[in-house]
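Using the sequences and the hints given, assemble the complete structure.
Same order as they appear, the protein sequences are chains A and B.
Quick note on numbering: our numbering labels position 140 of the first sequence as 140, and the sequence is numbered without any gaps.
Quick note on numbering: our numbering labels position 96 of the second sequence as 96, and the sequence is numbered without any gaps.
Errors might be hidden in some of the hints.
Stated by the list, open to error - A short list of chain B residues far from chain A (calculated; beta carbon distances all over 12 Å): (1) 42; (2) 46; (3) 90.
Claimed, not checked - According to the in silico footprint, chain A covers these stretches of chain B (three or more CB under 8 Å from chain A): (4) 15-28; (5) 68-82; (6) 102-109; (7) 115-126; (8) 195-207; (9) 230-244.
In short, the hints are calculated from the structure, not lab data.
No residue lacks a Cβ here, since even glycine has one placed at the ideal position from N, Cα and C.
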Amino acid sequence: MFHNRNEGLALALPAAIFTGLLFLLPVGILLSEAFQVDDGWSLMGYVDFAKKPLNQKVFLRTLKLGALVAMTAAIIGYAAAFCITNLDSKARGRVFGLVVLPLMISPVARTYAWIVILGRTGIVNDAIMGLGLSDTPIRILFTETAVFLGLLQLFLPLMIISLVSAMENLPKDAIPAARVLGANWFQVFTKVILPLTKEGLVMGGTLVFTGSLTAYITPAILGGSKVLMLETLLYQRVNVANDFVSAGIIATILIGMSFSANLLLKRIATARK
Amino acid sequence: MTDKWISRLILGLTLTFLIGPFLIIIVAGLSAGETLVFPPNGLSLRWYLKVFTVESFRESFALSMFLAIGGTLVALLLGIPAAYALSRYKIPYGEAIKTIVAAPIIVPGIIVGLALLRYMVMPLNVGITMALFLAHTALVLPYAVRVVTASMMNLRSDIEEAAILLGCTRLQGFTKVVLPNIRSGVLAAFILGFVTSFNQVPVSLFLSGPGVRTLPIDMLAYMEITYDPSVAALSALLAFLSVGIVALAEKFLGFSRYV
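Structure, rendered in structure tokens:
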């Protein structure tokens, strides 16, 4: 540990100034713009924004899809994480690698695949018509289902990673002990696994939830203008209507939500120490 | 025994859901036909080859490479001293500095792009490429600081102090003792930064102009006009590129320790 404080500051400040001036300052100005109506400070922009039915619908849909994706990811994540931690170490490394792999690949590529699967001439429709379940292709693309599937595939790895590391910290004997003492699997999950992996669940849940709220590509490609979410609405407001007040408001909502999620995470992380 | 099969079934289904779509993309790109379908109409490499002849893909690939490599290098130039200072000195407002540098992770990218467009590109006449470069640098900086800090933590500070006692200057102490020891951390930071920047979309959404587009944005634009398999082929190629880089990094650096 060195004690020359000025030397330390001189080394650390350039990075902070760079980010502060070129990144945070412009974002701050953008957010403040939403509070300015007719050259005065006011909350009217927010009131007008909240009154429009479309905005309400998009806001609620974004929350709903985020929550649904996070919950589904938690269910699949627990099952997968439980299986992964029970593998021998060689197989575990390999399966874990395959889970992490999609995170390294461009989200455009990851989302594009769903067009081939869900489109009018896609695999799912081929199967439905082949089985005689329907005579005409059904529309899956540009529905909430498509966006849900895309988001789930995009963010599921984050949940599995969080839960696997939580489960690795589980005492080895906890589950067999509960079983011997007569707990069924449902009780083992609710009374042993869930309480002991709560932190991993919250962490994974936060990552998946905020990821879904702030994803752009998935709702843009799989939802289009039929299934707007906050990010795609922001893009549309700016590009179609030059409406920077709405843009600033949506930006504030998005930052507020991901900031509070991160605060929650930090609190949990420090509570553990 | 049945437990084992249930476990295999669960993992099989999960991995199919996560990886399957890529396999479909790879195969759909191999189509000999004009439209994107699976299974493809006949097999050929024509779309994989066509990707290299599309002018806009080549230009946007070059831009994305420039942003990913240049931006990450600048981020390391800013981030290594910061990580060093944050782990070796007691700095006034150290926590505040950490928070500021980490902020770009929390702020949704689309907002950053819009803010830079409105308050930097338009009023100050900053070029779009420049704005993209600054945004990508700031975006990668938190990862650079975090990864380099992690590898600083594993390095005992008394080695450096010993070098200084034995006559090294502070700078020599850093270049001869610290830098060689955190080399793999720096490399890991570079790779993580490169992949993050290269795959970044939302920041670049508003920051595009005539002839200036990052590759993912260009792919989005191309998809809107044409429905041929070339985007599938390009997606597959890019997936191979990033997976290849990360696999190499894992092999030689134990990359996953840092992520």
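How the hints compare with the structure:
Distance check for residue 42/B against chain A: the nearest CB is about 16 Å away, which clears 12 Å, and the non-interface claim stands. The Cβ of residue 46/B lies farther than 12 Å from every Cβ of chain A, with a closest approach of about 18 Å, so its non-interface assignment holds. Against the 12 Å criterion, residue 90/B falls within the reach of chain A, whose nearest CB is about 7 Å from its own CB. For the segment 15-28 of chain B, the stated coverage by chain A is satisfied: 9 residues place a CB nearer than 8 Å to a CB of that chain, which reaches the threshold of 3.
Residues of the segment 68-82 of chain B with a Cβ under 8 Å from some Cβ of chain A number 4, which satisfies the need for three, so the listed coverage holds. Beta-carbon proximity to chain A at under 8 Å applies to 6 residues in the segment 102-109 of chain B; the threshold of 3 is reached and the given coverage holds. Counting residues of the segment 115-126 of chain B whose C-beta lies closer than 8 Å to any C-beta of chain A gives 5; at least three are required, and the coverage claim holds. Taking a C-beta to C-beta cut-off of 8 Å, the segment 195-207 of chain B contributes 7 residues in contact with chain A, enough for the three needed, and the coverage statement holds.
Remark: the segment 230-244 of chain B is confirmed as covered by chain A, as 8 of its residues place a Cβ nearer than 8 Å to a Cβ of that chain, reaching the required three.
Hint 3 from the list above is the single one not met by this structure.
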